[in-house]
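Chemist: Take a look at the letters that make up each chain.
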Amino acid sequence: MRLVVDLNKCQGYAQCAFLAPDVFTMHGEESLVYNPRVGPEQREQVARAVAACPVGAIAVEGLREASDAG
Amino acid sequence: MPDEEYHEWLRREGRIVIVGASLAGLRAAEALRAGGFAGSLTLIGDEPHEPYDRPPLSKAVLLGKASPEHTELPRLRRTDATWRLGVAATGLDMTAKRVRLADGEEVPYDRLLIATGVRARPWPKEDEAQLDGVFVLRTRDDAVRLHRRLAASPRRVFVIGAGFTGSEIASACRARGLAVTVAERADGPLVGALGGVIGAVAADLHRDNGVDLRTGVTVTGLEGDATGRVRAAHLSDGSVVDTDVVVVSLGAIRNTDWLKGSGLGAGPRGIACDAGCRAFDFRGIVTDDVFVAGDVARCPHPLFGYQFLSLEHWGNAVAQAEVAAHNMISAGADRRPHLWMPAFWSSQFGVNIKSVGVPAMGEEIMITQGSLAERRFVGVYGHQGRVIAAVSFDNSRWLDFYQQQIERGAPFPVEYRTVDRRPEGRAPMPAGFPDPSLPTHGPTVTLSGYSPADRQLVFTPARH
Ligand SMILES: Cc1cc2nc3c(=O)[nH]c(=O)nc-3n(C[C@H](O)[C@H](O)[C@H](O)COP(=O)(O)OP(=O)(O)OC[C@H]3O[C@@H](n4cnc5c(N)ncnc54)[C@H](O)[C@@H]3O)c2cc1C
Ligand code: SF4
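Residue numbers (our numbering), protein chains in the order written: chain A, 1 to 70; chain B, 1 to 464.
If you're looking for bench data, these hints aren't it; they were derived computationally from the structure.
Be careful, since some hints might not be right.
To be verified - Computed footprint of chain A on chain B, listed as stretches where at least three residues anywhere in the stretch have a Cβ under 8 angstroms from a Cβ of chain A: (1) 63-76; (2) 127-140; (3) 333-345; (4) 349-357.
Glycine included, every Cβ here is placed at the ideal spot set by N, Cα and C.
Take these sequences, add in the hints, and give me the full structure.
Modeler: Have a look at this one:
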């Protein structure tokens with residue numbers, strides 16, 4: 001899965017880091033650092049992070065199996 | 001054909017070509033399809049890779065939290081495009097409506113989007129730039145090389161230029177436990193983008209994190225050893241710093257060379273376009289089939305005195321790509337202006353730095369929340385009696401509020417009460433921007449004047 005966070009929108013609420021700690025980590029108090037490429041085993045955690053982000057800043061490709069962008 | 005009818009035909013079976021297959025190019029392609037474009041779509045990119053994200057290259061990648069090879073941008077919808085990757089566009093014939101490629105092929109278009117971005121400004125002395133151990137950081141390939149070298153535990157990393165990218169690189173190196181020297185011509189890091197008051201805070205941030213920061217100096221030369229590896233950097237104050245890695249972080253050059261002789265208003269400051277993203281030709285007359293988006297564009301903004309702004313900002317590339325795509329397939333009355341509020345983020349030494357508006361226009365700054373000493377604050381910039389920009393250090397939640405103040409042209413100095421206002425924040429002080437003719441480093445805003453047609457541009461018609 002590929003993902004990108006719109007860090008202009010992100011307000012460092014850290015919900016994502018709590019729900020998918022292998023993908024999103026806080027660097028200092030409110031800086032978010034994340035891995036833009038994650039394996040399928042992270043699917044559920046990432047889905048939860050996307051849903052929980054209060055500002056809708058996380059965009060993911062390949063979250064649903066059917067997604068076939070190109 | 002009347003305007004409406006033409007656009008209907010264009011949406012159905014027109015040919016759209018996008019040159020530059022990165023953030024702006026990809027998002028424009030997606031927006032074209034989302035907007036109902038059913039014709040043929042071709043993306044031309046000189047990098048052999050599919051579109052990837054650059055901001056992680058100086059952050060997550062160097063911190064070891066992401067692979068330099070895997071920052072590809074998620075695809076947000078199908079583009080059904082023909083991708084011509086690894087081949088550069090070398091020329092444009094605006095009359096015949098064709099893009100010439102490096103492999104000799106010509107690609108015809110009905111509408112063209114130029115999103116060729118910028119490239120890293122190389123170290124000016126070519127023989128020194130070629131030394132093994134001298135790097136720039138703009139592309140994925142740059143990141144792979146730099147990442148590999150940092151992993152080999154160099155004795156010292158020497159960063160030339162303390163703009164955003166240079167500072168982020170220094171920060172990542174310190175996080176990896178590497179010795180770092182940073183040389184900056186101005187009095188502090190980020191001074192070109194955020195001014196001297198904030199630059200002083202950034203300087204403390206560097207030093208407290210163990211960076212050997214040298215300000216008010218320039219690098220006069222890089223020295224190599226007999227095997228062609230960089231060995232030392234020489235500074236204008238006479239000092240010499242032994243180092244085995246040098247990262248040149250001196251800002252960017254706009255990728256407009258390939259348009260030389262095309263008749264487009266393209267030059268070293270970018271490609272001028274109107275608020276609808278339509279490019280100007282070299283006479284200052286707007287075209288109707290060539291559009292521009294992203295780092296390569298310069299575009300007038302009503303909130304900032306209609307100055308032409310060049311924004312090396314991720315968010316601008318996305319927003320402008322969407323507006324350009326919409327306007328490319330829409331008739332006159334349906335077109336939209338690109339009125340994006342400049343916004344930027346950076347992450348360094350564990351501090352989240354964000355800004356909105358155009359700080360470089362600010363004559364004065366006042367700290368309306370928090371304190372500089374705690375490195376947790378909001379600074380508001382004033383220009384001719386109104387709020388023109390704001391910057392936050394670890395205080396980003398308030399920026400939406402200040403964005404509204406900028407949009408509203410709220411008065412400066414800021415009289416209203418703010419949360420966590422300290423005595424030091426009651427009075428404005430000079431923002432401390434250097435002479436604007438000095439180059440700034442790092443992704444930021446450049447005010448590039450008022451006139452779409454650069455008088456100094458000399459038009460030499462290309463031979464077709
Ligand atoms: C290390 C780094 C860190 C950054 N961090 C931040 C940040 O924290 N916050 C922020 O807001 N912004 C940041 N940015 C800036 C952000 O990445 C850019 O604003 C964004 O990439 C602009 O996208 P673009 O598509 O306009 O241009 P680019 O990404 O520059 O893409 C242009 C593409 O066109 C290609 N091209 C050029 N000439 C030709 C040609 N003749 N033919 C074919 N293809 C061509 C180029 O090779 C490139 O692939 C950072 C940039 C870098 C390099
Ligand atoms: S949940 Fe959203 S706002 Fe919070 S840190 Fe993650 S991306 Fe940012």
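Chemist: Output the numbers, in ascending order, of every earlier hint that fails for this structure.
Modeler: 2
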